[in-house]
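Participant: Read off the chains here:
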Amino acid sequence: MTVAATTVASRVGRTAAVTGRGARNPWVLRVGSILLVLALWEWGGTAGVSIAFPKCSETLAAFAAMVADGTFAAAYAETAGPLFVGVLLTGVGGVLAGLVMGLSPRAEWMGLPLFIVLQASPSAAIVPLITFVYGIGFAAKVFAVVLLAAPVIVLNSYRGIAHTPRSLLEMSNAFLASRWQRVWKIVIPAGSGLIFAGLRLGLAQGFTGAVLAELIITPTGVGDLITYNRSVADYPRMFAAILSIILVASVSVTVLQRLEQRLFRPEMRLA
Amino acid sequence: MTDGTTSRAATADRTADDTPAARVVDLVKDFSGGVRAMDGITFDIPRGELTSIIGPSGCGKTTTLKIIAGLVEATSGRVEVNGVQVAGPGPDRAFVFQDFALMPWATVLRNAAFGLELRGVPRKEREEIAKEYVGKVGLARFENSYPHQLSGGMRQRVGLARALAVDADILLMDEPFASVDEQIRRRFQEDLLRLLSDEKKTVLFVTHSIEEAVYVSDQVVILTRGPSRVSKVVRPGVDRSGGSDSIRRSPEYLDWVEQIWSELQSYLET
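So the sequence lines, in the order shown, correspond to chains H and V. End of the first sequence = 280 in our numbering, gap-free, step of one. End of the second sequence = 284 in our numbering, gap-free, step of one.
No wet-lab data here; the hints were simulated from the structure. Every clue listed holds true.
In silico SDA-like pairs for lysine to any residue, Cα to Cα no more than 20 Å straight-line:
{"hint": "1", "chain 1": "H", "residue 1": "Lys194", "chain 2": "V", "residue 2": "Pro161"}
{"hint": "2", "chain 1": "V", "residue 1": "Lys150", "chain 2": "V", "residue 2": "Lys214"}
{"hint": "3", "chain 1": "H", "residue 1": "Lys194", "chain 2": "V", "residue 2": "Pro136"}
{"hint": "4", "chain 1": "V", "residue 1": "Lys145", "chain 2": "V", "residue 2": "Arg124"}
{"hint": "5", "chain 1": "H", "residue 1": "Lys194", "chain 2": "V", "residue 2": "Pro103"}
{"hint": "6", "chain 1": "H", "residue 1": "Lys64", "chain 2": "H", "residue 2": "Ile255"}
{"hint": "7", "chain 1": "H", "residue 1": "Lys194", "chain 2": "V", "residue 2": "Arg137"}
{"hint": "8", "chain 1": "V", "residue 1": "Lys246", "chain 2": "V", "residue 2": "Ile224"}
This one's a predicted model, so the numbers in the text were calculated from it and none came from an experiment.
Extracted from the complex, chain V is given alone in its bound form (with noise of 0.2 Å):
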C-alpha cells in the first residue's frame, strides 16, 4: 500500500494541485426520441476535494455522472480526466451504485476484490488489498459473508471497498445512501469523510438531500430543472472540526442549507 500512496503523492506532484481532477464541459444529452435531458452542463471538479451535484428529480443527475464515468455516452460535450478526454470508463475513475451492484454469488471480499480481478491481481495480493479495505469500511468480520446476509449500509460498504480497492483518483458515488436509513446514513457519512481524509480522494458525489451534500461536501453543484444546466455553483465549506453535531446545529450550516433550498425552490414549481 505503501507504494500506491507514494505513486499518487507522485500524480499530486506532477499536476499542480490548482488544476481541477476533472472537468466537464458543455455537455449536451438528448434521449431517444429527442428528449433533451441536458443542456450545456459545464463545471469543474477541484482535486482532492468532495463535489456533490443536487438537483430537482429527473434533472439528469445520475446521467451526468455516468457520463463522467463513461458508462453512458453524451450526445456532445467533453469530460476530461486530469486534462484528457475521456472515451469510456477508465482506471482513474471507479463508481459507488445506488444499487450497490454487487455479486450475489461472491463473498464480501471477492466482491470488493473484483475491480482487481478482473485487471488480472494475482489472486493473493487482491485478496491482501481487499481485506484491507474491507477492514477500513469496518466490514472485517464479514470477509466471508454473502450480500444477502448483510443489511443494505453494509452492502454499500462493500461497494465502497470495492470502488477503493482498485485505487481510482476519482470516486464517483451514485446516491450511495438512498437506500440506507436515516441513522445508518449518519453514520456512513462520518465514516466516509474520515476515510477521504485519509485516502486524500477526488470525489463526486450525487445526492438529493440538501443538508447531505451541505454536509459532506466542498463545493456543490446544483442543476436546473432538465433540460438541466448548472444553476450554481457554491462552496459552503463547513468548518468540520467541531464534531458532527455541532456542524449540525451551527448557523452557517443551517444557513447554506437554506441558500441552496430557496435556489432549488424555484426550480421546483410547476
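Chain H on its own, in the form it takes in the complex (with noise of 0.2 Å):
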C-alpha cells in the first residue's frame, strides 16, 4: 500500500514538475469538475427551480431510454446530414478561403471586412431570411450551418497564416524552398494550431448552426426533439436531447484535435 502511494505520489509530482500547477493529475480533475456539475445539477432540480428544470437523474434515466427506444439514432440521422454537408463545405472553403487571404494582400483587403461583419452580425436572425431564398428543406439547413460554421473557420486559418513566424520563413528561404514547399512545408503546419482550433469552433458553430436551423425553420432531427419535449412538457427528455447535443459536439471536437496532432504536431503529444 505505502510503495504504491509512493510511487503514485512521485509519478504526481513528476507530473506536476513538468506541466506546472493545476494540471496534477488531469483525470481525477476532469472526472471531479464533471461529478461536481452534476450533483449541483441534482440539487437544482430538486430545491424546485422551476418546474421546467428536471433533476439530472431524470435527466439522465430519459437519456438512456432515448438511446434504448432508438430516438436519438433516428433524430441524429436527420440532422447529421446538413450537418456534416456543411461543415465539410465551410470546413474545406473555408480553410482554403482563410489560406488565401493570409498569402495575398489583395484577397485580404476584399475578404476580410466580409467575414469580420459575418462573425459580429446576430447569425440566429439571418437563419429565418434564408427560407426566402431556399425554402425549408435540405440546403437552407446547410446555408445554416455554412453562416454560422464560416467566420470563425476562415478567420482563424487567415491568422494561422499570416502569423507564420518571419524567421521560419526566411530559413525556408535560404533553404531554397519553392512556392509551394513554403505553403505546405512551413505556413500550414505553423498555422495548424489557429486552423485547427477554428476547425474545432466552426463544428462546434455548426451544430448551433444546425439545431437552430432544426428549432426555427423546420422542426425535424434534434431540433424537434427539444421543441416536440417543449411543447408537451416532457422536460427531462428535451433536456436529454440539448445534453446529447453537448456529448456530440465535444466528442466530434475532441476527435478534430487527435487528427490535428497526428496530421501536422506531432510534438504535442509529447508536451
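Got two chains here, each in a separate frame; can you build the complex from them with the hints?
Facilitator: The following block contains the structure:
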C-alpha cells in the first residue's frame, strides 16, 4: 500500500514538475469537475428552481431510454446530413479562403471585412431569412450551418497563415524552398494550431447552426426533440436532447484535435 | 560523403586558392523612409577561412550577412560568390540563424535534413547525411527529439547541422551563440573550430563579442556606426596550437582584443 502510494505520489510529483501547477492529475480533475456539475444539477432540480428544470437523475434516465428506443439514432440520422455537408463545405472552403487571404494582400483586402462583419452579425436573426431563398429543405439547413461556422473557420485560418513566424519563412527561403514547399511545409504546419482551433470552433458553431435551423425553420431531427418535448412538457427528455448535443459536439471536437496532432503537430503529444 | 569531399577538393583546385570565396563590393542599403544603413561596404571573404564581422550595435552586421545570403536586397552594390554575382539565395551558401529557426513540429533529424528535403533528396539518403552531421555536432542521442526538448545550445547545434548537411561552400552565421550562455558558448566555439577545420568551409560570422571574433577568426571586418562603412580589416591569426586556455591568456590574443576594442570605441561615443 505504502509502496503504491509512494509511486503514485512520485509520478504525480513528476507530472507536476513538467506541466506546472493545476494539472497534477488531469483525470481526477476532469472527472471531479463533471461530478461536481452533475451534483449541483441534481441539487438544483430537487430545490425546485423551476418546474421546467428536471433533476439530473431524471434526465439521465430519459437519456438512457431515448438511446434504448432509437429516438436519438433517428434524430441524429436526420440532423447529421445537413451538418456533415455544411461542416465539410465550410471546413474545406473556409480553410482555403483563409489560406488565400493570409497569402495574398489583395484577397485579404477584399475578403477580411466580409467575414468580420459576418462574425459580428446576429446569425440567429439571419437564419429565418434563409427560407426566402432556399425554402425549408436540406439546402436551407446546410446554409444555416455554413453561415454560423464560416466566419470563425475563415478568420482563424487567416490568422494562422498571416502570422507564420518570419524567421521560419526566412529559413525556408535561405534553404531554397519553392513557393509551394513554403506553403505546404512551413506555413500550414505553423498555422495548424489556429486553423484547427478554428475548425473545432466551427464544428461547434455548425452544431448550433444545424439545431437552430431545426428549431426555427422546420422541426426535424435533434431540434425537433427539443421543440416537441418542450411542447408536451416532458422536460427530462428535452434536457436529455440538449445533453446529447453537448456530448456529440465534445466528442467530435476531441476527435478533430487528435487528428491535428497526428497530421501536423506530433510534438504536442509529448508536450 | 567521400563524393562530397572530392567535389569540394575539385572546386578548390579549379579556382586557385588565393581567389576569395566571396567579395562584397560597395554595398549600399537604404531602409524605407530613406535612412541610409550601409554606405559602401567592401571586403573580401578568403576561401577556407573564418571571417567575422564586428561593429557597434545597429551598424548593419546582420543586414550585410543577409544581403550576402540573398535574403535581403541591397539598394546598390553587389555580392560575388566564386566570381558570380548573387541574385537571391543559392546552394553555395547556407545560413545559421540567431534564433535557430527550427521547425517546432519536426524532429532533430528532420530539421537537420530539411535543406536536403527541400532539394528533393530521397528520404533515406538525406536522413543518412543528416544523421552524420547530427552526430558530428554531438547530438547523436537526440535524433528523434523535438526542439522544445532541447536547450538553446543544443538547438543551435541542430541549426549548424542543417547548414552543414547541404554542403554549401560558404557558411553564414548570424550571431550563432548570442542566445547561449557563456560556458556553453566556449564549448561551442571549440567544437565549431574543430568541425570547420575538418569540413574546410569558408565561414562568415557575425558577432558582437570582440573576444569571440579574435578567438575564432582568421580575419575580422570592423564596421563603423551607421551609415556604416568598413573601418578596418585585421588578421589576428592567433596561434591556436596551445589549447583554448593558453590562447585566451596569450599576450598576442589580448593585444588583438585591445586593438579592436580601441578601434570600436571611437564609434561608441555619441
